[in-house]
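A.B. asks: Chains A and B, in that order, give the protein sequences.
Residue numbering for the first sequence follows this note's numbering, starting at 1 and increasing by one per position.
Residue numbering for the second sequence follows this note's numbering, starting at 1001 and increasing by one per position.
Simulated from the structure, these hints should not be mistaken for lab results.
Honestly, I wouldn't trust all of these hints.
Estimated spans, in silico, between C-beta atoms of each pair [what the hints assert, rightly or not]: (1) A:Ile86 - B:Gly1059: 30 to 38 Å; (2) B:Leu1145 - A:Ser117: 50 to 58 Å; (3) B:Leu1151 - A:Ala14: 46 to 54 Å; (4) B:Arg1082 - A:Thr113: 27 to 35 Å.
By construction, the Cβ of each residue, glycine as well, lies at the ideal position given by its N, Cα and C atoms.
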Amino acid sequence: MTDTAMAMGSALVAECTESLDTMLAETNGMIMGMIATSDGFVVASVTAPGRNVDPNRIAAMASSGHALGETVANELAHGKCNNVIIDTDQLSIVFLSVPDTDDSPLILGVAATKSVSLGTVLYGAKHCTKRISETVNTTV
Amino acid sequence: MEYKILITGTMGAGKTTAIQQVSDSPAVLTDVHNTRQDESAKPTTTAAFDFGELDLGEGDCLRIYGTPGQERFSFMWPILARGAIGIIYLVDATRESPIDDLDSFIKAFGESSGTIPSVVGLNKCNDESSYLAPAIQDYLDSKGLQWPVLLTDVRERSEVLELFEILISLNEALVMEQA
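Sequences are here, hints too, so could you generate the full structure?
C.D. replies: Next comes the structure, spelled out in structure tokens:
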């Protein structure tokens, strides 16, 4: 468990991990789910079997990518950044804001193969952010 | 002529402040909530980069990029260093091991460290840190790096501009050597 995860408490981390497990189980093709702080520390992460992902590196990249999204949104005066989508030949990668975590913002990072539509990935991921938000706001 | 300059250094070394002091337009920041108050009491930290612009007149312009300071964001450093004509290494004199901090950044920039004109700015100096400038110079000499070391206060626009002027001069000298 990372220092950040320990600071947030094992019960909260366990519930976040369970929500990520559920998201992966319910969304075909999803290969990774991760909750990170907005400054790039892992809170919880799950990876599909056979996939090799370093969650610490991805958490830092999620932080940078999401922060850039926020900055572009601010520059164009179009409000908060809800998500940042990276489309590759093989994967859809999305970094989403977890709602109602303004005091200590959290990001959900997901990656899915192209066997599943982006809409399905977004649906599963947004559903997960709501569960994480409820967990955080009832546990903290 | 457009010049790209990179400012790097540890979290809290003064990179964002330096850019804010000199940028003609409001600096582009990618600040996020800092969850590690034990590492730095700053409420926010840079997650991607800072960016500012400075018109030098006569058609010349500086594009100034600041890196995130923490090692976990090191994947951003080579991206931001592309095309830079100079690097400012800001060193926080109040940290426990400023020379080790500088050493880790010089190593992180690898080959760029030996080829790109660079200057070291020693920020947040106090009476106890007077030994640091010569110690840093000795360290650079041991690495074969002939870089200027300046005591600086990045809250002062003129002192940040001085760092830029040195880098541009070093770059001009390099261009003349290569011609």
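A.B. asks: Check the following: the C-beta atoms of Ile86 (chain A) and Gly1059 (chain B) are separated by a distance inside 30 to 38 Å.
C.D. replies: The hinted range 30 to 38 Å holds for Ile86 (chain A) and Gly1059 (chain B), with Cβ atoms some 37 Å apart.
A.B. asks: Between the beta carbons of Leu1151 (chain B) and Ala14 (chain A), is the distance compatible with 46 to 54 Å?
C.D. replies: With Cβ atoms ~51 Å apart, the hint holds.
A.B. asks: Verify the CB-CB distance for Arg1082 (chain B) and Thr113 (chain A) against the hinted window 27 to 35 Å.
C.D. replies: With Cβ atoms ~31 Å apart, the hint holds.
A.B. asks: State, for the Cβ atoms of Leu1145 (chain B) and Ser117 (chain A), whether the hinted interval 50 to 58 Å holds or is violated.
C.D. replies: Taking Cβ atoms as reference, Leu1145 (chain B) and Ser117 (chain A) lie about 53 Å apart, which means the hint holds.
Of the numbered hints given earlier, the model fails none.
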